[in-house]
Each structure stands twice: as C-alpha cells, then as structure tokens.
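Asks: For reference, the chains in residue letters:
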Amino acid sequence: MNAPLQPHPHFHQVDLKPKDYKNEATPSFWCAGCGHYGVLTGLLRALSEIGVDPNFLVSVSGIGCSSRLPYFVNSYKMHTLHGRAGPVATGVHLARPDLAVVVSGGDGDGFSIGGGHMPHLARKNINITYILMDNHVYGLTKGQCSPTSREEMKAAVTPYGGMEEPLDPILYMLTYGATYVGQAFAGNAKLGAQLIKEGMEHKGFSFINLLSQCPSFNELDTAVVFRNACNQLDTGHDITDLSAAMQVVNKAKQEGRIPTGLLYKVDRPALDERMAALVERVGGHKDYDLKKIIDLARP
Amino acid sequence: MNAPLQPHPHFHQVDLKPKDYKNEATPSFWCAGCGHYGVLTGLLRALSEIGVDPNFLVSVSGIGCSSRLPYFVNSYKMHTLHGRAGPVATGVHLARPDLAVVVSGGDGDGFSIGGGHMPHLARKNINITYILMDNHVYGLTKGQCSPTSREEMKAAVTPYGGMEEPLDPILYMLTYGATYVGQAFAGNAKLGAQLIKEGMEHKGFSFINLLSQCPSFNELDTAVVFRNACNQLDTGHDITDLSAAMQVVNKAKQEGRIPTGLLYKVDRPALDERMAALVERVGGHKDYDLKKIIDLARP
Amino acid sequence: MQGITKNDLIIRIGGEGGEGVISVGDFITQACARAGLDVYTFKTFPAEIKGGYAMYQVRAGTERLYNQGDTFDVLCAFNGEAYNMNKAFLKPGTTIVYDSPSDFTPDIPPGVHAYPIPMTQTAKELNNPRAKNMVAMGALSVLFNIPVESLREVLTTKFSRKGEDVVKGNLAALERGRELASALGKTDPWTIGTPKSKREVIVMSGNNAIGLGALIAGLDFFSAYPITPATEVAIYVAKHLPKRGGTLIQAEDEIASISQVLGASYAGKKAMTSTSGPGLSLMSEMLGMAFMAELPCVVVDVQRGGPSTGLPTKHEQSDLFLAIHGGHGDAGRIVLSVESIQDCIDLTVVAFNLAEKYQCPVLLLSDGSLAFSTQNVPYPNPDNYKLVERKRWNGEGEYQRYKFTGDGISPMADPGTPGGRHIATGLEHDETGLPSYTSANHEAMQDKRFRKLKGVINDVAPTEVDGTGTADLGLIAWGSTIGVVREALQRLRAEGYKVKGFYPKLLNPLPAQQFEDFGASCKRLLLPEVNFQGQLAHFVRAETSLRPESYTICGGMPFTPEMIVNKVKEILA
Amino acid sequence: MQGITKNDLIIRIGGEGGEGVISVGDFITQACARAGLDVYTFKTFPAEIKGGYAMYQVRAGTERLYNQGDTFDVLCAFNGEAYNMNKAFLKPGTTIVYDSPSDFTPDIPPGVHAYPIPMTQTAKELNNPRAKNMVAMGALSVLFNIPVESLREVLTTKFSRKGEDVVKGNLAALERGRELASALGKTDPWTIGTPKSKREVIVMSGNNAIGLGALIAGLDFFSAYPITPATEVAIYVAKHLPKRGGTLIQAEDEIASISQVLGASYAGKKAMTSTSGPGLSLMSEMLGMAFMAELPCVVVDVQRGGPSTGLPTKHEQSDLFLAIHGGHGDAGRIVLSVESIQDCIDLTVVAFNLAEKYQCPVLLLSDGSLAFSTQNVPYPNPDNYKLVERKRWNGEGEYQRYKFTGDGISPMADPGTPGGRHIATGLEHDETGLPSYTSANHEAMQDKRFRKLKGVINDVAPTEVDGTGTADLGLIAWGSTIGVVREALQRLRAEGYKVKGFYPKLLNPLPAQQFEDFGASCKRLLLPEVNFQGQLAHFVRAETSLRPESYTICGGMPFTPEMIVNKVKEILA
Ligand SMILES: Cc1ncc(C[n+]2csc(CCOP(=O)(O)OP(=O)(O)O)c2C)c(N)n1
Ligand SMILES: Cc1ncc(C[n+]2csc(CCOP(=O)(O)OP(=O)(O)O)c2C)c(N)n1
Ligand code: SF4
Ligand code: SF4
Ligand SMILES: [Mg+2]
Ligand SMILES: [Mg+2]
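The listed protein sequences correspond, in order, to chains A, B, C and D.
The first sequence begins at 628 in this note's numbering and counts up by one.
The second sequence begins at 628 in this note's numbering and counts up by one.
The third sequence begins at 25 in this note's numbering and counts up by one.
The fourth sequence begins at 25 in this note's numbering and counts up by one.
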C-alpha cells in the first residue's frame, strides 16, 4: 500500500471522535447483522481521522437500504433518487469545491439504474469519494438479483435462478478511469476506514467497493463467505499500473477470490481544478461586468 | 484472427448482393465524406456474405446521424430514442430469437445517454450485433464533445476546449463481458464487413467499433488521422485472453494507436438460450393449461 | 357499530413483523374463503425492512364486500406496539384479544370487550415459541366462529411442505388456543356469519391478479425493474410465464424495461411492464415513442404515496396527471384504472385488447392498497375472455405501415412477413414510415393517431351507474375508492338519502357524455380521491361541463366508508 | 398586402444551406437594427445536416414588431429550390429577386414584380464565388432601401476577423450588387421605412436571450445535454459563464443534468438546465424530487414538434401538459412561458427569482420559433433587475429545514453554515427532514409545499389585457403566439372589430381570477395555440369557469396574423 497522504488543504478541519460523526437522532433502519453497519463504522472512523468539519461535509446517496447511510452521519446530506447520487454529488462538488463530498449506495443503485453515470464520474475525475455498499442483492425491495448477484442466485424475480454474469465494480472503475480504486470487506472496518480516508484525501474520483452482507435476502454471499473470499493484495502490487490492476481482478475472479486493499491510484487533474483554471484563463470573476457581455449583442 | 465460423442455423438465408440490401427509397441524409457511408457499405457486404433474409433481419438504432443507418437498409427496422437502441433490440431479440438483430448508433448515443444499458447487453450476452459508429463527436446536434472526443477538442458547448478523458468503447466492452469484440476504421469496409459478418454469426453479444470520421464537426479526428492510427492486431494475438486484450488496448492508447481486427471472442450461453432452457425445464409451452396456474390461487 | 344487522366482521391483527401476523391473516382469509364467505383484506407494512409494526386486517362476511371497512370490530394485539397503534380505535362495542401475560397491559376502555390469551406463554409451554400466532388464531376461531375445519385444512396444506412435525405442532397450538378461548365467557356480539354455500373461488392479491390477467390475455414478454409496491406483479409473472413459454427479464432500469417491451411488441408479441410512480416518470419519453410509432404495450402503475420517493409503502391515487399528461408533444395514451381484484384480472385483459387494437400504450392504474389486498373472486374461466389480436396486414398490395385509414388503424406486419418490411420510428413520418416534416403530413398523422382513440369508449363497458332516478348527491369515484363509495352509498340509502354513484374505469379518453348524463341526474356532485390536487376532478372539469366538488385526502391510507358517509351527510345537511 | 399603409417590410431569403442565406439575413437584420429599425427574424433549417433548403425571413419596420408576419413581401431566391418552395406565396404585388442566369427560370405570375440579378455569375466574375450572397445583398439594399451604411459597417466588423482582403472582397461584391440593381427599374412599392431615431438596442435570438437572462439573474451553475432546438442556450452560457466565475458542464444525459443542477442548488447556488421535450420527459422523476426536497432550480424547455422525436427542428407549443403535470404523485412546479426575446431575458430572471423564493422547480417554456428568431430589444441594464435570493436561516434557535411556517416557505441553510446541517430528501419527511409516513405529517407537508405556491400569482406581473371595454371576442394566447395575436388584433380593430387579447405568461399556478375577469369582458373566447390537443384550453377549462373555443394548428410553423384575422372574422361573421 502507498504511503499515507497529506490531507488536502481544502478540508475544513476539526478534531472529533468517530461517534461525534454519528447522527443519533435517526432511528435504526437496517436489519440486525446487516453489513451496512460496518460501512458506517468505517466511514465514521475515516471522517474522524481526517478531521473533516461536518459542516463542510456533504453525504449523498440514492435509494436502497445502503442509501439510508447519510441519515446516520452528522453532516449536510442528500437522500436523492435511485441511481442518481453520482450526478447529484457532482453538482454539489462542482458548485462548491470547498465541500467534501461522499457518496454511498448499493450495487443496484450504482450499477443497475445508476450505471450510466458511473463512467462519467470517473473519466471526468470528479473529486468526490464513492463508497459502494455491495451486498450482491437488492435489499430494500426485498431480495431481487442485482448486477453483482451470483449467476445461480434464486431471488424474487428469478425464482428458477438467475441467468446473468455478475459484474465486477472494481474492474469497471479501473476501466472508467477512476483515479483511486480500493476494495474491502465491510466487516473489516479498519481497512474500510483506511481506504475511505485515503480516498477522500485523494484529489480526484475515488471509488471504494465494500462487500457488505445482506443476511435478510442474500443467503449465498454471507459475511463468512465474503470474509473468506477477501484477500489482501500482495505488497508488491504496483498501484500505478492499470493493466496489472485489471489482471489482478481478472485472475481473482477466475479463482473465486476478492482482492482487497488499494488497487490503483494515479494523479490526474480533477474537473474542478480544470474549471478553475479556465475561469482564470478567461479572467473570470463574480463581478465581471455583465455589460461587456451584453455589448457583444449590439447590432 | 480466428477461423471462419459456421453461419448460425437460425439465420433465414437467401442469396442477395450487397446492393440488394440497400434501401434506395430513402433520400440521402449524411454529409459528403461522412464516415458513416463506410459503415453502411461494410454492413451491406456482411449481410450479403451471410445471406441474411431481409425479412428476418431487424436493424435497430437510437438517435444521431449514425442512427439514420437503418433507413438505408432493406430489413425490418426501428429508429428509436437517443440511447435506447440496446434495450429495444434486446426486446426484439428475446421475443423472437429467430430474428437477426443489428444495432447501429453513435458514440454519444451508445456511451453517453445510452451508457447505462451497455454493460447489461454484454453481461447478459444478448445475441445481437452492436455496431458503434464512432466519430468522436455529436454530429446530429452539430458538434459537441462526445464521450470519445479528444480531451482538447473545442466544440459548441466547450468553446475553450474540453476537459474530459475520452473513453475507449473497446476497453469498456471487454470489461462488460461482450463475447465478441472487434474494431476497424469505417473506411476499411473490407475489415468492417468481415467483423460484422463474424459478429453476426457469433452466438452472443458482439460489439464492433467502427471509427468513422465526421468531416463537418470533427476537425481533429479526420479520415486520415483515423486511417493512420488504425493498426491491425498482431497475428499472434490470443483472442481468448481477456487480460491480454485489455493490455493491448491500454498500450495502444498510450501510444496513440487504435488496434483493429478481432480483439476478443469467447463462447458463453446467450440469454435466449438460457431462457429457452428454463422454459424446457418447467415444461413450458404456449398451450400450457392456464387453469393449472389459476388453481394455485384456490383458498 | 353494534349488532345483529352487521353481516360481516373485521378482525385486525397487529404485531411485530416476523411474529406471524401475516400468516394468521392469510390463514383466516383462506379459511373463510374456502368456507364460502366473502373476504377483503388489507395490510400495512413496516417502514423497516425487518421488524417494525405489521398489520393485517381481515374482513369476512356473507354479503359481497367492497372494501376494507371502517377500522375494526376485533383487534388482536400480539404486542404492546400493536395495542398502542390501535387503542384510539377501541370504541365501545369493539373487542380486543391480546397476549397476556406479556410486556403490556392494555387499558380497556369502558364498553370494550377484552379477552386476554396467554399466546407467548402457551407457545413456550408447547415448546414451540414460533407458534404464538397459532395460539392466537385458535382463540380467534372459537371467539368469532371462524370456520375451523377450513382453518385446519389450509394450515395443513401450507405447512405440509415443511414436514408432518411442523403441521402437528401448529395444529396443537391452534387447538390449545381454542381451549383457552373456550374457557373464557364470550361477552361481545361479534361472530362471522354462516356461509350461504361453497363457491368456486380463488383468493388473490391485486398484484397477483394483474399477473394472472396478463397470462389470460396472452402475455408473451414481460420486463420490469423492482419497485414497491409493484414488484409482486413481476414475481407472479416470473413464476408462471415460463410455463406458458413466455419470456421475462429484469431490466437494469425502467427505461430499459419499457424499451424492451416496445422491442418485443414490434417483434409481434404481447408485452408489458409494471412499475410504480418513479418508474412511470422515467418511462415518459419512451411512452411517447410508443404512441408515435404505434406500438402496442401495457404498462401497469401500482401507485404509491408521492411526490418523489414519497411514502413507498403507502396508498395514494396520485399518478393520474402523469398517466394522462406525462409526455412531451401531444402524446396520447389510453388510461384504465382498477377498482377490485376482479378488475385486476379483467381490466388487464381489456388493457391488452385495447393496446393490440389501437396500437398504442395502455396504462393500467392500480394502487398501494389493492396491491396487497386479497379478495375472493369467482374462479375465472380463461375461455370466457375475448382476446383481441392486432390487425395484421393481409399481404395485399404495397404495404404501408402508417397507411391513412378511416379509423386511423393501420395493419401491422410482424418481422418475417414477406413484403411487410417497414420502420417503426419516433420521427414524424409519412405512410411508409419515412421521415416527413411537412405541415400537412404532421397534421394528418396527429389526426390519425388521435382519431384512433375515439373508438376506445365503445370498446369498454359503459361506466357503471350505482343507483337510479335523481339524486341529491352523485359521487364519482375511481380506483379502489369505488369500493368504499359503494358501501357508503348502501348505508346512506338505508338511511333514506338519495345518492348515486358513478364509477369510471376508463379515464382517458374520458367518456365525457356518460359523465354528462350522470351529472344531469344529480343535483350536486362529489368526487372523493386519495391525492392532494383532486386529479380526476381536474379532468372532469376540463373535459365535461361538470364541476364536481373535490374531497381529497392524502394520508397514505384509503378512504373508509364512514368517511364518505359523514362527508355526504355534511354536504346534504 | 399593397401599399403605403404598411410600415414594415418582410424579405425572405431562400437557398441551399451553405450558400450564405443565414449570413445575408443576419447582416440585413443587424444593419436595420443598427439604423434604428425594429426587426423580427424567422428561420427554418434543413432536415439534413448540411445542404438542403435554408430560409431566413427578415421583417423590419418603423413600428414595434411582434412576429414574423404573414409570408413575405419580397422573396430573394438563391436557387431553384428556394423558388419552388415559395412560388405558392408569390401573390400579385409581391416581389421576387432571383439569381439569373441560373439553374432555374421562375415563372413570374401576373402582378408579381421580378428582379433578376446575376448573383452566381457576378461572384464568379469577381473571382469570389462565395460572395454570391453579398451580390444579392447589395441588390436588395438598393431595391428596398436597406440602410447601406449600416450594412457596410456590420459586414466590415464581421469579416475583419478574417483579414482585410476578405472584407474588401465582400464589400466589392456588395457594391457590384448595388450597381446591378440600380440598373433595373424599380416597379414595386416595397421599401424599408426610415428609422425614427437610433436607439440603444441589442439583437439576440431567443436562446441567447435566455442565456443572458440567466447571467443577469446571477446564474452560478449550468448543466445540460445537447438537444435541438435548445443547444444554443448552453452554447451561449458556455461562452460567458466562465467570465462570471460560474461552472458549466455538459452531462451524459438529461437525467444527469437535472441531478447536477439539484446538487448545485443544495450547495447554495443558482442553477439551471435547458432542454427540449424529450429531455424534459426524462427529467420528470428528478423534478418531483426538486419539489419534494424543496430545491430551487430553473429548467428551460425550448419546445419542438412532437410527440417523441417528432419534428426536431420545427415549432410547436405542445409541452404544456408535461410541464404542468409531468410527474408522479402530486408534484408541483411553477410554469412560465415567454412571448418574445424581451421575455426571454426578463422572464428568465423572474424564473430564477421564483425558484429562489419558493424553493421549487420553475419551468420556462420557449419554443422552436423563438429559439432562433432574433429581435431587437432595448439595451438591458442589469442593474434594473431586482434579484431575489433564497431565504436563508438566520442562525437563531434549532434549525429545521422543513419547518412549518405561515407561508410554507422554510429558510434554507447552505452547506458550511454552522448548526444548519440537514438532509434534502425525496422521502416524505418531518420538519427536520427525517422520514415520516404518518397521515397527519404527509397531509401537512403536501399542504405546505402547495401553499407556498399560492404567493406566486402576486409575484408575477398581472396578465396583460390587450384592449378595453367589452369585446365580441376575446383571444387568449401564450408563448410566441401572443405576438401574432397582438398584430391580428390591431388589424381587426382597424377594421372595426371589437376584440381583446389576454396574454398569460404564468401558466401554473394559473391566475384563475384574472382569467375570469377577462372572460367576463368578452362575449366569446378563442384560444389559438400550436398543438394538437388544445393544451392551454384544457387548463383554462379545468381551472376556471371559462370555455374558450380552441383554435389549434400543428404543422410545425407558427400562426400568422392573417390566420388569426381570418379565424376571428369567420367566428364573428
Ligand atoms: C426509479 C426507481 N425504481 C425502482 C426503485 C425501487 N428500488 C428501491 S431501492 C432498489 C434497489 C436496492 O438495491 P441496492 O441499490 O443494491 O441497495 P441495497 O438495498 O441492497 O442496499 C430498488 C430497485 C426506486 N426507488 N426508484
Ligand atoms: C433525450 C434526447 N436528448 C438529446 C437528444 C439530441 N441528440 C440527438 S443525436 C445526439 C447526439 C448525436 O451524437 P452521436 O450519438 O455520436 O451520433 P452522430 O450524430 O455523431 O452519428 C443528441 C445529443 C435527443 N434526440 N434526445
Ligand atoms: S434487507 Fe439486507 S441490506 Fe437491507 S437492511 Fe436488511 S440486511 Fe441490510
Ligand atoms: S454531421 Fe458528421 S456525422 Fe453527421 S452526417 Fe455530417 S459528417 Fe456525418
Ligand atoms: Mg444491494
Ligand atoms: Mg458521434
């Protein structure tokens, strides 16, 4: 894994404990044993370690059990529509690059209905952190196949078993050009916290896939199954080599393993940086005289 | 390249010349010099070589200059909505697996607004052929950046130059699990025809990216630029090795080259085959007695 | 609420999700229906995925039932929360059956009949703690005369899959519950009536009934994306469509679903999707294409509380605006809505028939209350349904897909038809399908597409008028509100009120003349609906000369007959 | 059409796309406006990407112009297609200026004035074949008294970027054209009037004017996806927003655009998107979220011919149903529509003000005709516009994002505000934003969200009434049809007809009382609109007691004053 990064100057910083980031006002929602609790724990720890000012943090989600996460976080937050957390977060961040923006949501939310937005978050290098709470099932709607469900899964709308090759969020994100890609078992809050922290500190689009069991509707991919399949990456893995990262993923898949840790990280200008540069280039500022623009329309 | 495949028995076959597949009733639409003409030529040749019965061929498109292609083909056809050709074609094919279905459309149509559908065509292995007419620009709306546009392109909505890393349709499709992936310069109708023919004969989702210049709105990626960048793959390339195919693409990108030919091909049951198997498994047929189903609702 | 005149009984069972509330409700329902009684059930689900307050209300009686009723006659409380949620409804004369000893001790208001039953304790004693609900059910069966033979049968059938031991254990708990209840003296008058005769019935939820209707109609292709409260339509179809050789696919989103449906339709097949409000919003663009390209399709919208994500598990009738007007550029559609489980079957068939005949999208509106409500309906004989197939080209002459015809309906040609090759397109087109942007063509084509729809009114049964003569007040209702109004009118008439009902199921195109005729027979009009803006009232005002008064509620629950009765009395006071 | 009374002139230039038709039109327009004349232009684009028939119509006059006029007084035909497309309008008294020798020889109907000008040939002789259009323009300037000094100025300004040679070459062609025309004897009466005085004006298209309005309103964030005929809004904003330090992004689709806009709005910024019908359909779901979460946003819909892909480059006013009703579950929005370029600026500012004040989506409807029409408007002084900012929390007490207040408006808190942390959610919620599904809360929250909108009517200028006293016929019009009605009414009044006009710009919530008042002053009502179903007429019938007669066309073109005049005469005959 790479050396610890310097926190970005843009974070408004404070000194708070993980529990200070927990919003206690929200009544519990998740089932007992749900992996999403682990994601929350990891996030709260990461926030505390960075010391993000909750007033300058925006937590954004779509719809799903996982997408309830922002309710449990002390921050500004948006609980948006199924699949739309990514573009909404893009708007928040581009309009106010001083805010730290974290997206969290499910495998269905992110890669089924929201799948069309994912490539563009990554290739535009939107400086936000996306945490996928990947339980290989639709939880909130009570157990249908998600695009990461195992091929053989019998579920509500596939009573005779599924028929589709599951997708791999990590491989997708490497292809899409995400500049920070990591993966962990949600139950490993330590690794989760570390990846989230570094992802947030990374300037650019960071994507963290957290494998999170759904005891209520996914009997195949239990916590135990996930934990056993998760393998920490070799220390020798070169996080700057895209093809190597892809190969790791392809190989692990063949072997039924899930590679965890930081898979890929590269620096590329984030979109807000490029936009700021453009504004500077055209001499733009809030008080630019509108009449200079209007004059261009004189006949 | 792989050995010629046997035509699929499901094609209703006839003996027709390429020009017989050309619908002459449609007035011309594309600008002079448009690369899309080359795509059409390649397609007509492929259809003739296979000998597809036009009555059992459905040509489906979305919206864009490229998406006008079906008008010029003698077949059943659907000119649908921007980005939706993929799922519409899925419906045609799953409802009538005896039909040969070809999708054609632009880079914007397929990978911007339609990008959310692409992974699922591939991972579900829908037995259709998708021809991307990739001109690195929005033609029909008169010149805006598409997701395959070069980063530096100045276009209508990016008057100061673009800011986004272009995506690579081929890499995407390898990641998505397309079972046949090929690429060619649209001006090379011979290679285009060959890839389309083999793609159509392939049982599963085949994707062919044809680089097609737009002389009206893309000054960067002209026919000459495309032709020069296109490199036929090494004969030694192993079309069954996914990681190798990805590496070819990643490397070519770094070198500013475009690998052409068949990049990847693998056999995996197509969704219609799996569905047919399910129907068989449950003893299903058109005349299955409805009362047996209704009886299940007796109190 | 007292007395002998009441020929039906409402039992509400409340408890923690997972305690078997739903099973008890289902068993009682099945048993009653099997014995020949009429049943109408209503459920609410907890907001939480697991646990939380669950409620199942069974109404059973000897006469035809049209709705869930006003609150309950009998409350069966499994826990303190169930008691708390319902104590406001414990009016004099009502009955409570509750777990005792337990974590709660209900405060029994004067006049309320109370039967403590040691449900948890007994189940524990039987070494079968999960059978708490069976103890309760046994007690209920004795207290309110629930046909126990039928109960035993359905219980046995249901549990036999899990082995004989399970059957026995549950039967034992049931009998123990019966003994416990028998030992108590009955103080209330509530009892389920004696069924007149056994009948050939099925019992289904609205969502399943829609699935069945589609199968009867000849469904070939189904694509949907899960969404509450519509998912069960897909679940039902997924189970049974393969038996009929059809194809079901769970799509990546609702836009893909409706796109796939149109592809299948073009390919010559009967195709449908089901969704709820958010999904229907997403389908807006593609539904316009269906109208433009004249592709038959059926879209079921099981409405829920809105706007936006809203109240996903709650009842509302608020998608009518979207259903009728939700598309850019003068995009027409046919809109039907269902009142009952019977409608869920029958009107789904009608929806397919209309889609095929008129080659356009047909939207069928159901709602969150009907979605999970179960009712008994006469055993449907599939052979009794008339099915319509799209008009197909006869092969004569030169084929023109969008040929101008008198009624605007142009024959279609399935792929594979020699000489029938054509394009389906969202662009404005001439008769052959080629793009055409001339004024004359666009006007003629719009006229053709809308002219078609003129025939629809004659293809749907005339709107039912409930009552005769001149009324002091006429009630117009749609969707599951109709069933509530039916009963309210019965009660009002019994009290001498001159009231009538009008129950449109075809909402677009609106049968305006039928509305006028009804309006002409009423001195005043009232239109109750469960939405904020008074959506049907809007259309009635726009499309007819009538000016019905709106009575809207939007609290996530259906109307009760009592609410309607009170409102009518208030108006006519 | 003859004569002296006409104080404006309509010149239509037609030719092959790429021949400079658009440039000539633009130059004439600019020159006339610069000289102090009023201008109103109208264009149609070929369906093909390049080539095909292009048409540019300039109307210029000394009085205020409200529309593109009835056909033309002068046709300038660059080629045979242009002649063919327009020969039906060559009525006695009209004039044709055409390229000759050329590939066509027009048939000059009796009474039509004809001026053959060797455009192509002269340009070739000048070794400057691309300057064919300048030859034509020179000829037109002589024949119809187009202010030539201004022409030379605009031409010089425009071409100076391309170097002095280009300027000279074009000026030479212009002068040659003038010589050629001077040599012909003028036989017709057509001449552009003499401007009264020079004025401070700008000339803009509707799309650009909307962009400018947004900049004036304080736009911070813009996201859109290209679509005809709305793309130019984005193009204009893309050029200028960075100068103001704002952010523009081209999204992957319209759903992403509106999502980004809402994100930016939550972040405290003024945000907008622009699209056309298909894009608006796709935004339906997210607009419901904007209403539910009470997020300000402005959505511009430049309407085009529908349904579906329809006639993408053509004019129609057919998205009103979608704009007002296009969301599931009682989702409200404010809908405005623009009549003119002036409105495109002013009402865009109003749209932002309303969005900020009422914290909800505001839809601004423009149309395909206005999109590319250019008009002169007085130079807008940005300081004269009153700008509204959302009510922000004052930091006192405990912050509740969705606090119940008298007017339903709850203060917002930008991220970064200490103590203001809250959630924006599409779920039904209580005052703090936490999910709440109780009946009482849902009813109260819906009431709050709709109660807010009651204030809107008072924040928008009262609907303009054109005319006084009692009218035999009152015309209600919206969008760019208003300008057509204005002129028709002038003409009708000149002939003694008692007619009045009513021009709503706020279409939802509809100012019903103002409609009633207007209706009360008219014996009959007519509502012309360019769509099939009579969409505004529908809302007027639903929301008021009025029953206006619908006059609908949907041929992809706007009404002409003459059509309205004839229709009124027919009705009042
Ligand atoms: C437009 C739309 N379609 C469908 C739904 C219903 N829906 C809510 S959550 C969900 C999927 C949830 O799965 P996932 O995103 O994996 O999250 P999880 O619940 O598993 O954490 C679906 C289909 C919706 N809310 N909106
Ligand atoms: C919902 C929707 N949004 C936008 C458009 C406008 N539009 C039509 S084609 C197109 C892009 C065309 O680019 P591409 O798909 O690359 O095809 P090309 O014209 O380059 O062949 C766009 C944005 C539309 N028709 N529908
Ligand atoms: S249903 Fe599954 S994902 Fe949802 S809260 Fe329960 S365990 Fe978690
Ligand atoms: S605009 Fe470009 S893509 Fe479209 S027809 Fe012309 S050259 Fe081809
Ligand atoms: Mg999930
Ligand atoms: Mg393109």
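None of these hints come from the bench; they were simulated from the model.
The beta-carbon is built from N, C-alpha and C at its ideal position, and this holds for glycine as well.
Hints are not guaranteed to be accurate.
To be verified - The calculated lysine-lysine pairs, modelled on PhoX-like cross-linking and capped at a C-alpha distance of 25 angstroms, are: (1) D:K427 with A:K649; (2) C:K591 with B:K817; (3) B:K830 with B:K817; (4) B:K919 with C:K415; (5) D:K427 with A:K919; (6) C:K148 with B:K913; (7) A:K878 with B:K880; (8) B:K913 with C:K74.
Stated by the list, open to error - Just a few of them, taken from the derived set where beta-carbon distance is under 7 angstroms, the chain B residues facing chain A: (9) H639; (10) L643; (11) R777; (12) K781; (13) L798; (14) Y799; (15) T802; (16) G804; (17) I866; (18) Q874; (19) N877.
Asks: A separate judgement is required for each hint: does it hold in the structure or not?
Replies: Status of each hint after checking the structure:
A hinted pair counts as satisfied when its Cα atoms are at most 25 angstroms apart, and K427 (chain D) with K649 (chain A) qualifies at roughly 23 angstroms. For the hint pairing K591 (chain C) with K817 (chain B), the CA-to-CA distance comes to about 77 angstroms; that exceeds 25 angstroms, so the pair is violated. The straight-line distance between the Cα atoms of K830 (chain B) and K817 (chain B) is roughly 22 angstroms, inside the 25 angstroms bound, and the hint therefore holds. Simply put, K919 (chain B) and K415 (chain C) have alpha-carbon atoms about 30 angstroms apart, too far for the 25 angstroms limit, and the pair is violated.
With a C-alpha separation of about 42 angstroms, the suggested pairing of K427 (chain D) with K919 (chain A) is violated against the 25 angstroms cut-off. Restraint check: the Cα-Cα separation between K148 (chain C) and K913 (chain B) comes to about 51 angstroms, which exceeds 25 angstroms; the hinted pair is violated. Using a Cα cut-off of 25 angstroms, the hinted pair K878 (chain A) and K880 (chain B) holds, with the two alpha carbons roughly 23 angstroms apart. Between K913 (chain B) and K74 (chain C), the direct Cα distance comes to roughly 39 angstroms. Violation of the 25 angstroms bound is thereby established for this hinted pair.
With its C-beta approaching chain A no nearer than about 26 angstroms, H639 (chain B) sits outside the 7 angstroms limit, and its interface hint is violated. About 35 angstroms separates the beta-carbon of L643 (chain B) from the nearest beta-carbon of chain A, more than 7 angstroms, and the hint is not met. Taking 7 angstroms as the C-beta contact cut-off toward chain A, the hint placing R777 (chain B) at the interface is violated, the least distance being around 13 angstroms. The interface hint given for K781 (chain B) is broken, as the beta carbon of that residue sits about 12 angstroms from the closest beta carbon of chain A, more than 7 angstroms.
For the restraint placing L798 (chain B) at the interface with chain A, the shortest Cβ-Cβ distance is roughly 5 angstroms, inside the 7 angstroms limit, so the hint holds. For Y799 (chain B), the suggested interface contact is upheld, since its CB lies about 6 angstroms from the closest CB of chain A, less than 7 angstroms. The beta carbon of T802 (chain B) comes within 4 angstroms of a beta carbon in chain A, closer than 7 angstroms, and the hint placing it at the interface holds. Nearest Cβ of chain A to the Cβ of G804 (chain B): about 5 angstroms, under the 7 angstroms cut. The hint holds.
Interface restraint check: I866 (chain B) against chain A, minimum CB-CB distance 15 angstroms, threshold 7 angstroms, status violated. For Q874 (chain B), the interface hint holds, since its Cβ comes within 7 angstroms of a Cβ in chain A; the closest pair sits about 5 angstroms apart. Because the smallest distance between the Cβ of N877 (chain B) and any Cβ of chain A comes to about 5 angstroms, under 7 angstroms, the interface hint for this residue holds.
Violation of the numbered hints given earlier is confined to hints 2, 4, 5, 6, 8, 9, 10, 11, 12 and 17; the remaining hints are satisfied by the structure.
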